[in-house]
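Chemist: Listed below, chain by chain, are the residues.
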Amino acid sequence: MATTTLQKKKPISPMHSTIGLKLMMAVSGLFFVLYVLLHMYGNLKILSGRAAFDEYAHHLRILGEPMLPYGGALWIFRILLLLALVAHVYSAFTLWKGAGEARSHKYAVRSAAAATVSSRWMRWGGVALLAFVVFHLFQFTWLQINVGGEFSSPAARVVAAFGVWWLTLIYVVALIALAMHLRHGVWSACQTLGYTSTARARRTANAAGIVLAVVVAGGFLIPPLGILFGAIK
Amino acid sequence: MRIKVRIWRQDGPAAQGKLVDYDLDDISEDMSFLEMLDVLNEDLNERGVEPVAFDSDCREGICGMCGLVINGRPHGNTGGRDGEANTTTCQLHMRSFADGETITIEPWRADAFPVIRDLVVDRTAFDRIIAAGGFISANTGSAPEAHAVPVEKKRADRAFDVATCIGCGACVAACPNASGMLFVGAKITHLAELPQGQPERWTRVQAMVAEHDADGFGGCTNIGECSAACPKDIPLDVISTLNKDLRRSMLH
Ligand code: HEM
Ligand code: FES
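Protein chains in written order, with our numbering: chain A, 12 to 244; chain B, 1290 to 1541.
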């Protein structure tokens, strides 16, 4: 039987290959992990009282003074986060498109054997997280969505907001989405970076994904749930 | 046993295909899956219907020629989750199916593996990936003494294990992204573990990945369906080795 030679597209450089894009996704993703851990630590300050929480928010802004201007360190971090977000979303959508084109004719019968629920939700779950981040910024950074009233103290804002059940519900759903994203994302990033070349390392990376997902979702949920059920005032 | 098969029929690469149902009344459970299709084809021949085209060669699980997606699983494999070890379609037996069952049979689905006819796909893309870098260069003439280059036992074992890949394409068929990374990973790991593979190690990985992407395979998302479908149980960690080699190649 005669075989065909596909028209070669222009050669792909390593950084623009599918693996290069995944590297971009892994590095930016691990930066997000660092960020959510710091953010979670900050949120948990509310357990030490409103003053401790507000003081932490204030310290974030004077961090690095007088070497840096007021809010300087915070802005550096925000710019890095924004760059990471652009890289993460760009690589995700490019690979999503490529995967769709790689199988234009779908199977009549599909049956998954190894896929975890988390792994199947990475793309739409990521879109949901992005939507949540926008909502979250409108609420606590730009102060455009004021649930429970307007206050100048960050702690007062948080306590008033999470006293409202439906707002807490939005955060519960978002954190479940985040936990799922981390469950597969951490393992996948380790694999993409080439740290899982043995069966044992693979199990460790998977366990790390689960632990991080539980710790982050649990840690972030303590303040909202504590406030809703009156344990944190 | 009596079974009903729903088979993808497609007259040629550009033809519109569809699933067609056939009833088989007298199938022995000791038949292999391909023998079951042979029985069907004899029957179709007698009735003057065009027989079902499918690939096979060795029929003993070593050549990688056969390959059908059976009830949504390449070669019917689930990575042991159904209590059965992975195998090739030619080594799958009808006793794995229930009497009266309806079995859906589709070709590998990937744009990089275009359908030629019915269940036969063109897997030349794998040959192109190998041609791009899946080799070592050696001088012709007198062969060097085989034991002249010592190989660490652990590395030799891993190289052997991943070299069992028969290039059937089940990994691509199983992958939600139609990615060929398990195949490329197996080939890269095989040569990267051996001293003979070192001189071309960094150019090899770049060339093979570039060819893989240019052929229209998708990117890997580390879901693991490939390994679960692999008749040779190639583990996912070859993809980690591949990723690491590509990353390191950029610094060379
Ligand atoms: C229950 C969980 C959460 C609470 C209570 C919470 C609370 C807050 C608060 C109060 C701020 C404003 C900080 C300030 O005023 O300085 C903030 C900022 C932010 N949060 Fe959250 N957050 C939560 C979860 C998340 C999650 C899951 C993400 C997504 C990964 C996230 C991403 C962000 C981002 C991107 C900012 C903006 C940082 C900036 O202002 O530059 N947050 N969060
Ligand atoms: S026909 Fe050779 S492996 Fe199945």
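Be careful, since some hints might not be right.
[What the hints assert, rightly or not] Dumping the calculated DSSO-like pairs for lysine-lysine here, alpha-carbon to alpha-carbon at most 27 Å:
(1) 1307/B x 1293/B
(2) 117/A x 1442/B
(3) 117/A x 1293/B
[Claimed, not checked] One-sided excerpt, in silico: chain B residues whose CB lies under 7 Å from chain A:
(4) 1308
(5) 1312
(6) 1361
(7) 1393
(8) 1439
(9) 1441
(10) 1443
(11) 1511
(12) 1530
(13) 1535
(14) 1539
By construction, these hints were calculated from the structure, which means they are not laboratory data.
Quantities reported herein were computed from a predicted structural model and do not represent experimental measurements.
In this text, a Cβ means the ideal position worked out from N, Cα and C, and glycines have one as well.
Chemist: All hints are to be evaluated individually against the structure, with a verdict given for each.
Modeler: Outcome of the hint check:
Distance check on the hinted pair: residue 1307/B and residue 1293/B sit about 16 Å apart at the alpha-carbon level, within 27 Å; holds. Proximity of residue 117/A to residue 1442/B is assessed by CA-CA distance (about 43 Å); at most 27 Å being required, the pair is judged violated. Using a Cα cut-off of 27 Å, the hinted pair residue 117/A and residue 1293/B holds, with the two alpha carbons roughly 22 Å apart. Hint on residue 1308/B holds. Least Cβ distance to chain A is approximately 6 Å, under the 7 Å limit.
Violation of the interface hint for residue 1312/B is found here, the shortest Cβ-Cβ separation to chain A being roughly 18 Å, above the 7 Å cut-off. Annotation: residue 1361/B was flagged as interfacial toward chain A, and the flag holds, the nearest CB pair being 3 Å apart, inside 7 Å. Evaluation of the residue 1393/B hint against chain A yields a held restraint, the C-beta minimum of about 5 Å falling below 7 Å. The beta carbon of residue 1439/B is not positioned within 7 Å of any beta carbon in chain A (closest approach about 22 Å), and the interface hint is therefore violated.
Below 7 Å, beta-carbon pairs count as interface contacts, and residue 1441/B has none with chain A, the closest being about 15 Å; its hint is therefore violated. The restraint placing residue 1443/B at the interface with chain A is violated, with a minimum CB-CB distance near 10 Å, outside the 7 Å limit. Restraint check, residue 1511/B versus chain A: the minimum CB separation of about 4 Å is within 7 Å; hint holds. Nearest Cβ of chain A to the Cβ of residue 1530/B: about 5 Å, under the 7 Å cut. The hint holds.
Among the interface hints, the one on residue 1535/B holds; its C-beta lies about 5 Å from the nearest C-beta in chain A, closer than the 7 Å criterion. For residue 1539/B, the interface hint holds, the least distance from its beta-carbon to any beta-carbon of chain A being 5 Å, beneath 7 Å.
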